[in-house]
Amino acid sequence: MRNLVIVLLGLASLLFSLSPVPAQRAAGAVELTTVSERQEVEMVIYAAQDLTHIADRRLMELSKGINRVQFDWADTQIDPTSVRLRAVDGKGGLTVKNILFPADRPNALVWLIDSAAAGKRLLEVSYFTKGLSWEPCYQAIITPEGDRMSLKGFLRITNRSGEDYPNARISLVVGDLHLITDQILQEQAALGRPVGVLKAEMKEMEKALAEAPRPGAPPPSAGAKRKAAGMGGMAEPAEAVAVAGAGGVSEHFVYELGHRETIEDGWSRQLLSFHAWPVTFELVYKYSDGKHPTVYVKFKNDEEHKLGRAPLAEGPLSIFQRAEGGGLNAIANATMPHTAVGDEAEIPIQTDINVVVEKKMTDYKKFRFEFDPDKRPSGYEEERSFRIEITNTNDRDINLEVTQRFEGVWSIESPQKHEKKSANEVQWKLTVPAGQKSVIEYTVTTKFGTRIKAQGQPADAAQAKPEPEAKIPVRGGEDK
Amino acid sequence: MTRELRMLLRLVVIAAAIVGATTAFARVELVVVPQRENVRIKLGGPNTGVGEGVATVQEERVITLDNGRNRLDLAWVGAAIDPASLRLEAVEGAGLEVVAMSFPPGSANTVRWDVEAAKAGQCRLRISYTLRGLNWTREYTLVANEDETRASLVGMAKIFNQSGEDFTDALIDPGFGEPVERSFMNGESIELPILSAADVRIEKTFVYDPAKYDTDQVVMHYVIRNDAESNLGKEPLPRGAARIFINKGGSRTFVGEDWLAYTPVGKQARLYVGAARDITVERTQQMRKQTNIRRDVMDRIVLYDLEEIYQFEVKNHRDKPAKVKIVDHVDGYWEMLEAQIQYKKTDAATIEFVLALQPQQESKFIYHIVRRNLSP
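Which chain is which? The protein sequence lines are A and B, in order. If you're matching positions, the first sequence starts at 1 in our numbering and goes up one per residue. If you're matching positions, the second sequence starts at 481 in our numbering and goes up one per residue.
Hints in this document: simulated from the structure, not taken from any laboratory. Since the model is a prediction, treat every value here as computed from it, not as a measurement. Warning: the hint list may mix true and false statements.
To be verified - Partial chain B-side listing against chain A, Cβ under 7 Å, derived:
(1) Arg520
(2) Thr536
(3) Gln538
(4) Val557
(5) Met581
(6) Ser582
(7) Pro585
(8) Ala588
(9) Ser608
(10) Gly746
(11) Gln748
(12) Asp776
(13) Tyr784
Positions of the beta carbon are idealized from the N, C-alpha and C atoms, including for glycine.
Assemble the whole structure, with the sequences as input and the hints as a guide.
Here it is as structure tokens:
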């Protein structure tokens, strides 16, 4: 589908379409003479919204005086309120006098351009379109030994916009934008048809977008290139690496492809964004309840782990293990969590049914009652003892974190080394050797009612924090 | 076209002409259909990360690449391949780098790789993907001796090819037992051995636990420990249906079937083999009274203890001895005051007694507990 047509109307009629081949549909009664070549297309695709900013640069032969340039966007998903035309060759003498929306042509507009001189000018048509999207995805291949992995990141770009974009320079933006595009369209639809008048909000948005691909502190190579393009010059031919640079704009993160990419309408293209090797990682087992622990892959997004160049955006992650014979075995279809540079990615991959956990309450007591002056129970304690037995039937040791949650005012005793992680959590860290069993035992005492304020009991006073009285499940008791 | 061509790999050699900023492709399409080799099918299952019914397939094809950019199209018909799972890598020969993987419009059954070859020449490619429609079940046959102390245990994997794809000379790996090389056509189902163990030690147990088994009868199990001592223990036993026979004088008698749950090495499997008719247990409450009653100023009971005595009457009408486990459940805070036979508190709410009975023996015992600090 090649639906975007830009036509120069008048004596020296010139057509350019957004595709490198002649447009399939003739632009009505307009005489078509030449197909101009696109100089450059820049795309900024936002991940969180269905939004892409396109800047299409063309050389156009203009006459001295008024030139009429028609832009036609039938069967595309272009936002008509966003279409702009400007000269980007740094030379002056060009004014957009007027924008007409011809009554007989829906999805078209005509710019009346006043040119001070005749000659070739570099013009940029920019607009927002829907239908282009991107998502990151990842592939990890773990070594047969299981201690290191090769981590590849991909950017998958999908074009359902109705338009081909050949040889485009592409930037991909992570993060949410506040948009009111739909409201603008609604407002203008009520008035009959979109008008080319800018709302203040749109101006702001356009400004933000225009700045988006020009990171404040980008890597030197990307920064230099951006600067050149921003000055209105032609971009240098890009090197063949997939992603040249990455940087931030405000709270947004921008990936830039270091080469031109053709994304035809209807296609999805998955491009290598990085390849990190060797990434050392930890396998951590976590258990809180149930019959089996969950296995997590843990690594830091930093230089030590051959990463740390950019945040890892959330996306699907396929994990394989290299078989001894060379093939791949699927380990898991997981999700890479959004991981900032310097942060730790912790990815749940599977439940290991070869590690069997038997957790049971071995003893229960409800006692140490106190009574109010009416001799009704005003407080008591509950003591629960648990035993967690972990059998590792694998032929390798596992590192296990056992976390247990407790509510209310509680204290704990356990012969195994443990740590209070929060007001409600206790954690044990242990290594369960291959083919062996480990046991955790603990007794948790919970206080209720007046027992919370009781003195001289073997409770962890530092930990005990009185709960609101409403939580105390003492029936018929008049507390205090 | 034979069905072997269902997965068609097409190599498109491109002469790229650079015209200004635009790259136009003068296409020369060489359709090569390299033979697939070294096909390996790893069935999904426990601990494989992919669900059951989804297999990881990998295959190799030898292809001749041009120096520089090459384009490879893989198209398939009727096979439930997950396109996102497709991986391409060089095994040997000219190295290659996958520059991009593309999915064309309107076709869920095609993928295109742009690859960069370091040099021209033959290259052995490995293509891997996940494929739906390769379901499998496991069936065990357990044949016990007349004493029900030893058994043979044979496990078979029954694999169904509903994937839409034919495989010739593929190495099929269920993940248990040894992989088997054979052809496997769409629509076929095949059986592969995954376990064959003789002289496996089994223990027949008799348990009375009405709360757990929802019956007043004594239930019987064969307990099989997946360890070397039992002549097992080489690998986990995957979940499957087990048919149970007893071999008596050379003829097999079918005595029932049950699910054998996934059993890691060192753990035990329990197969239910029915209710025992010749062993009976009768549980009766002999006493129940409130003690240690605490009242408020209005003389209303606010807390009390409850003492209870239960009696169990166990009869073994068999002409063989029997060890019967009797399980009772008591909630809350309780203490045993007296038990006439040894007991085990297996958890906070469970009491177990084990009674060894001689043939035709009857036995009785009581236990006396107090449940403390109950509210009315």
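Now for the hints, and whether the structure bears them out:
Taken as an interface hint, Arg520 of chain B checks out: its beta carbon lies about 6 Å from the nearest beta carbon of chain A, inside 7 Å. For Thr536 of chain B, the suggested interface contact is upheld, since its CB lies about 5 Å from the closest CB of chain A, less than 7 Å. Taken as an interface hint, Gln538 of chain B checks out: its beta carbon lies about 5 Å from the nearest beta carbon of chain A, inside 7 Å. Interface hint at Val557 of chain B: violated, since its Cβ lies 20 Å from the closest Cβ of chain A, which is beyond the 7 Å cut-off.
Hint on Met581 of chain B holds. Least Cβ distance to chain A is approximately 4 Å, under the 7 Å limit. Because the smallest distance between the Cβ of Ser582 of chain B and any Cβ of chain A comes to about 5 Å, under 7 Å, the interface hint for this residue holds. With a cut of 7 Å, the hint placing Pro585 of chain B at the interface with chain A holds, because the nearest CB-to-CB distance is about 2 Å. The interface hint given for Ala588 of chain B is violated, since its Cβ lies 11 Å from the closest Cβ of chain A, which is over the 7 Å cut-off.
Against a cut-off of 7 Å between C-beta atoms, the interface hint on Ser608 of chain B holds, since the closest Cβ of chain A lies about 5 Å away. With a cut of 7 Å, the hint placing Gly746 of chain B at the interface with chain A holds, because the nearest CB-to-CB distance is about 5 Å. Given hint, Gln748 of chain B at the interface with chain A, is violated; its Cβ is 11 Å from that chain's nearest Cβ, farther than 7 Å. Here the hint on Asp776 of chain B is kept, as its CB sits about 4 Å from the closest CB of chain A, short of 7 Å.
For Tyr784 of chain B, the suggested interface contact is broken, since its CB lies about 12 Å from the closest CB of chain A, more than 7 Å.
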